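Protein chains: 2
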Amino acid sequence: MSKYAFGVDIGGTSVKMGLFDVNGNVLDKWEIPTVKDNRGASILPDVARSLQARQKEKGILEEELTGVGVGVPGPMNEEGTLLGGAVNLGWGSFNIPEALGAYIKVPVKAVNDANAAAFGEMWQGGGKGYDSMVAVTLGTGVGGGIVVKGRILVGACGAGGEIGHIHIEDREEEACNCGNKGCLEQYTSATGIVRLARRYLASHDTATVLQTERLSAKIVFDAVKAGDRAAMEIAGQFGDYLGKGLAMVSSVVNPEIFVIGGGVSKAGEVLLSYIEPRFREYAFGNCKDTKFALAKLGNDAGIYGAAALVLL
Amino acid sequence: MSKYAFGVDIGGTSVKMGLFDVNGNVLDKWEIPTVKDNRGASILPDVARSLQARQKEKGILEEELTGVGVGVPGPMNEEGTLLGGAVNLGWGSFNIPEALGAYIKVPVKAVNDANAAAFGEMWQGGGKGYDSMVAVTLGTGVGGGIVVKGRILVGACGAGGEIGHIHIEDREEEACNCGNKGCLEQYTSATGIVRLARRYLASHDTATVLQTERLSAKIVFDAVKAGDRAAMEIAGQFGDYLGKGLAMVSSVVNPEIFVIGGGVSKAGEVLLSYIEPRFREYAFGNCKDTKFALAKLGNDAGIYGAAALVLL
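In order, the protein sequences belong to chains C and Y.
Here the first sequence stands for residues 4 to 315, numbered as in the numbering used here.
Here the second sequence stands for residues 4 to 315, numbered as in the numbering used here.
If you are wondering where the hints come from, they were derived from the structure by calculation, not from laboratory data.
Fair warning: this is a prediction, and the values are worked out from it, not measured in the lab.
Heads up, none of these hints are tricks.
Pairs involving identical chains hold if they fit within one copy or between any two copies, as the list cannot separate such chains.
Calculated lysine-lysine pairs in the PhoX-like style (CA-CA distance at most 25 Å, straight line):
(1) 184 / 294
(2) 291 / 184
(3) 112 / 152
(4) 108 / 59
(5) 6 / 112
(6) 294 / 269
(7) 19 / 131
(8) 228 / 269
(9) 59 / 112
Model the full assembly from the supplied sequences, consistent with the hints where possible.
Structure representation (structure tokens):
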């Protein structure tokens with residue numbers, strides 16, 4: 004009888020792995036380094052070896068293992084084939100379940116890492132209890148993952164949930180990493196918040212603690228909590244962009260809940276207080292009542308979601 | 004053996020009905036008036052009577068009938084329950100399959116009419132051969148329907164695909180029918196195109212055929228085809244708004260194809276020539292290659308999609 008699954012989250016520096024039971028409990032978790040030499044050729048064999056060692060150590064029989072889920076940092080189709088490769092790993096285009104399946108004899112499923120994290124938050128995190136949600140990851144960039152009726156919305160070319168690249172500002176002069184101008188990510192990622200802050204400080208004389216420090220999204224939101232006027236204005240701009248962007252998303256997929264994660268979300272509930280009112284202003288009809296929550300699983304969301312791929 | 008299905012599209016003036024075979028051929032189609040007296044209490048009994056008469060006339064046995072699909076002009080959940088009613092019919096909130104099932108003894112499924120039309124276009128129209136598409140209806144308003152992996156994306160409160168109410172313009176002073184300001188519908192519906200034209204004419208002295216006529220979207224696009232400079236500028240604004248809006252949609256659900264329908268789409272291919280280049284400018288990465296097509300089924304899309312609900 005199937006009792007367990009492994010969740011694997013492959014990153015540019017390390018591979019996170021976890022052993023889960025069918026109820027969503029993490030029984031063990033560990034990491035191995037990501038060896039990128041030789042176009043990352045040893046990554047999957049390393050993963051397989053590590054999983055097999057752990058399986059043996061725990062005395063888990065093959066028939067007790069439902070399978071292995073994998074999150075990979077690159078665009079992927081429904082079948083788990085990388086479309087255009089995973090640049091951070093040195094990988095080209097190939098099918099992950101097939102490739103990992105050559106080393107380990109259990110069912111393998113693979114999705115993009117942002118989608119895995121979203122799926123994890125739905126299973127055991129901020130979206131628990133909902134089967135239709137949009138996860139928003141505010142980190143160096145802005146990522147997203149969409150779950151509709153309990154299934155990840157992958158999209159025709161793996162770009163489902165790429166909400167960081169929604170066009171939100173016509174007047175932008177700087178280019179986004181994607182090459183376009185005015186993407187949501189340019190104002191609501193950690194670096195985007197710093198961009199907003201720099202621009203604010205350059206055009207205002209307001210006394211603010213922000214002028215004396217090296218800027219970061221954390222510093223901005225710490226200043227917000229301390230009641231700094233300028234920081235609150237900057238957070239207001241951030242909230243306007245993100246609220247407006249998520250209102251657009253809600254008019255498209257109409258989720259039950261938005262789950263906000265990533266490094267920026269460590270600011271806590273104050274973040275939602277800047278997003279939600281602006282969301283409700285721009286959202287359509289009933290969508291104004293869409294729920295918001297903070298993500299709960301932090302960096303473990305990926306391994307949870309990867310395991311859930313084979314368990315749910 | 005199941006061979007046939009009825010598709011029903013309930014509108015404010017008439018109810019369209021069609022008899023389909025499993026291959027998507029329409030074998031018969033007809034209409035009955037929508038009787039809205041007494042809060043529309045006789046609409047469903049009228050539909051049932053009409054379907055039963057047609058079934059008898061065609062000599063179709065009960066076991067040959069897969070079921071009845073119904074499109075209804077109001078927001079609905081996955082189960083076919085109207086959320087807040089259908090104002091154009093005088094209906095409150097109730098479950099359509101249950102209510103119609105009281106009069107007719109075959110399986111019944113129901114969806115919002117815009118979603119039914121989208122599903123019809125996927126089955127036998129402009130989206131045939133694709134299982135992931137977004138249908139855009141440019142009529143008096145702007146509606147939409149999203150199909151992901153062959154299933155309609157209904158949304159948590161029936162607002163999936165309500166792309167007409169994506170916020171697209173910060174500088175709008177007039178309110179949209181939904182109460183918000185700057186919705187995509189305000190610039191890309193038939194009335195939206197007239198709005199753009201009026202504003203253009205009010206601020207430009209360009210000689211144009213548009214000044215001498217009663218404005219409509221059709222007149223604007225006829226003038227575009229005749230090479231009228233002002234009309235082409237207005238079409239350019241329309242294309243910029245819609246291209247930008249659909250680029251946002253593609254960053255969320257990443258469909259294989261956009262299918263453009265509704266009265267405005269009668270302008271033909273020239274319409275796409277204004278939308279596609281702007282879409283590609285704003286779209287993210289691979290999404291730039293998303294396909295575009297015109298809808299093919301016209302006013303019959305709803306009955307096709309309704310029948311497909313029970314046949315697919």
